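Student: Each chain, written out:
2 protein chains.
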Amino acid sequence: MIRIIDSIKDSGFLKKLLDRSQFEFEEVNKVVDEILFNIRERKDKALKEYTLKFDKVEIDDFLVSKEEIDDAFENIDDNLKNDLLRAKENIEKYHTKQLKSSYTLHDGEDIILGQIIRPIEKVGIYVPGGSAAYPSTVLMNAVPAKIAGVKEIVMITPPNKEGKIKDSVLVAASIAGVDKIYKVGGAQGIGALTFGTESIPKVSKIVGPGNIYVAMAKKKVAGYVGIDMIAGPSEILIIADEHANPKYIAADLISQAEHDEMAASILVTDSQKIAKKVNEELKIQVEMLERKEIIKKSLKNYGAIIITSSMNESIKIANEVAPEHLEILTRTPFDLYKQVKNAGAIFLGEFSPEPLGDYFAGPNHTLPTSSTSKFASPLGVEDFLKKTSLIYYSKEALMKSKDSIIRIAEDEGLTAHANSIKVRFE
Amino acid sequence: MIRIIDSIKDSGFLKKLLDRSQFEFEEVNKVVDEILFNIRERKDKALKEYTLKFDKVEIDDFLVSKEEIDDAFENIDDNLKNDLLRAKENIEKYHTKQLKSSYTLHDGEDIILGQIIRPIEKVGIYVPGGSAAYPSTVLMNAVPAKIAGVKEIVMITPPNKEGKIKDSVLVAASIAGVDKIYKVGGAQGIGALTFGTESIPKVSKIVGPGNIYVAMAKKKVAGYVGIDMIAGPSEILIIADEHANPKYIAADLISQAEHDEMAASILVTDSQKIAKKVNEELKIQVEMLERKEIIKKSLKNYGAIIITSSMNESIKIANEVAPEHLEILTRTPFDLYKQVKNAGAIFLGEFSPEPLGDYFAGPNHTLPTSSTSKFASPLGVEDFLKKTSLIYYSKEALMKSKDSIIRIAEDEGLTAHANSIKVRFE
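Order-wise, the sequence lines are chains A and B.
FYI, in UniProt numbering the residues of the first sequence are 1 to 426.
FYI, in UniProt numbering the residues of the second sequence are 1 to 426.
Since the hints were derived computationally from the structure, they do not count as laboratory data.
Keep in mind that a hint or two might mislead.
Since the list gives no way to pick one copy over another, a pair counts as held whenever it fits inside one copy or between any two copies.
What the hints assert, rightly or not - Pairs of lysine-lysine residues, derived as DSBU-like cross-links and limited to a Cα-Cα distance of at most 35 Å, are as follows:
1) 400 - 273
2) 316 - 66
3) 15 - 180
4) 30 - 400
5) 316 - 43
6) 296 - 338
7) 402 - 9
As the structure is a computational prediction, the values presented were derived from the model and not from experiment.
Next up, chain A with everything else stripped away, as it sits in the complex (with noise of 0.2 Å):
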């Protein structure tokens, strides 16, 4: 079912899963440049022939009304849409902590230092569409945007042939406050925020996960908008010793599997009797579930247990992935995870499986993949706020401070920048 490695032979497993990157293809390449070019020029009439090529719809206006909205909420099961309010407000418990405040530092009356924290204005979300369309999506990235006070929140998602979007998805934008939503999705959309349309505002900052041709795009635009991270295929690693459940283990493993054919599961422990067991369950689940055939090629592309001699040696494996999940299925976890440097999220003991985090604990979803938790973090409230700096210096401080200045400007050559101190005390 699985490759079953014993981590002192590795002969390459993990090097190509470090390798597992995203190709930059080129025909994927020109025709975004092309996509990019015609918004910017011919705007919402590209727009709608853009969404007639992909989505196959004609779509007139593609401002979602608030008919629509409203249907969606008579349509959409109770109990959904009560799952989905409880999960933003988890959301928004664990998020608000990150909320943080400008500071300034005074000296007397003379200096002034601030650091001024405000909210990006404009920020677009993406949303997938299709088999893709998540209303756990649009809760993870409109939640924290919204409690770091961003004034213009805008949604674009794709529509289906019937120019409709899902209800959950349009209830979940409702309920995480979205302010605008758009029946437009592809590298079209992102182009759409990027530049403005005569229908679609211009925004700051773009963020949310998407196809290639999306993932492209954000990457070409980046610069002239913020983007969040370009997330690549989904991972994750379970630490595991011989207390652990290989039941969970396997139905974990499996969870990730299905995402598509790249995602990465892996199992490491220092137990041969898990090992093999794991492996029959996977064998025995896999077998009972929808998205089998995707599983399979996804185990077997980048699936792997990997036996250990100690629990160090485990670690040590897991910090050199540095996962976007991380789960620790061992008798003391709380001791375990401290000594993990890299993970996105980090799991803990056997009822805390990775798709409690995926829709409802709270923290966010959206994480570092393909070993960037080495130096990225979870999307967050921080990713809808940008900084200013405040510098205030009286005649008085300046004059303390002139000397010292020139004489550094002077060793870099920069003399104009000495001169605008010495014009001040001329």
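Position chain B relative to chain A; hints supplied.
Tutor: Chain B in isolation, oriented as in the chain A frame:
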């Protein structure tokens, strides 16, 4: 000396300014690809070849020795050394306020959620060589990394033809707490920090300014390693009223213009009188300065005095330009700055000129350029920290939430996600 524009009649300058982005040169692109490939494959060997080719010097040992650092401390002017120490203290004091603590949220003993904030382990700082070898670059990049708690701060900077590094740069690195300094620059240096070579350690994040080859190399390795923002040409926008001193304004516009021919120096004022006087002052001051050729070209390319009909209009223009540096030279700067939405750093009043911030006051001089202050922030301690989420649910807690999680997962069509919850209660 400089174009004077009536804000109402502006027929394109602001647009030209806002479109002033960095072009991607096809040739640079190819060269950088080749360099990165060679460094990854042939490591130190390629590094030595490129150093000979570009820096015109044969380097056996890239590591700057203790003796070289000691020599720098002996050779440097004592006053300058103390200036750098004072600047370092100011930077430290300002940035220490940016440190952030991990947090946890408890719901009894059943739910523990957390955000662990930790330093990135290894960071590389790029410092340009030649006439752009600035000790202030070292301090502004290394001090926040040190405060964040980065364990290993590595600095690279190209050597001169004698294989040496500027004294003030070595002294700044030493007092800022840089752990290792290597004599290597260019795209090859960025490659070395990204992939690691026999002598240069692989890092997780690379920060610091550089020429177009360095910038393109950073852009290309982004994702494998973290990078800071790719900086565009520098900018200053000064808002002045009739009470401002034209001499100071001219000096400050010029100090920005001396950086390079693409730098933008803009005065926005509601006073015709000030506009006229500043233009006269520019003519006088420019002639007295060493870098007058660069200054003249820069003022011609992107310099402007924009005359507005009111202070409100001046602020509106500033918010649209979203300048890297904003000086407010009016009678009531402390009232006005609150209306500024977008700026990298704001300098208040006539004794807070921009070079004060470049070298000395404490806030970082690495600031968002090219209107990116609409979504981006000054470099800070945060850029050297990373977060990991923590999730623990007890059996009871998961039990209470399981139906919600399962319903959302099933709405999303991710049945293996739902299964990962279900198996725990079978």
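Student: Please name the hints from earlier in the document that this structure breaks, with their numbers sorted from lowest to highest.
Tutor: 4 and 7
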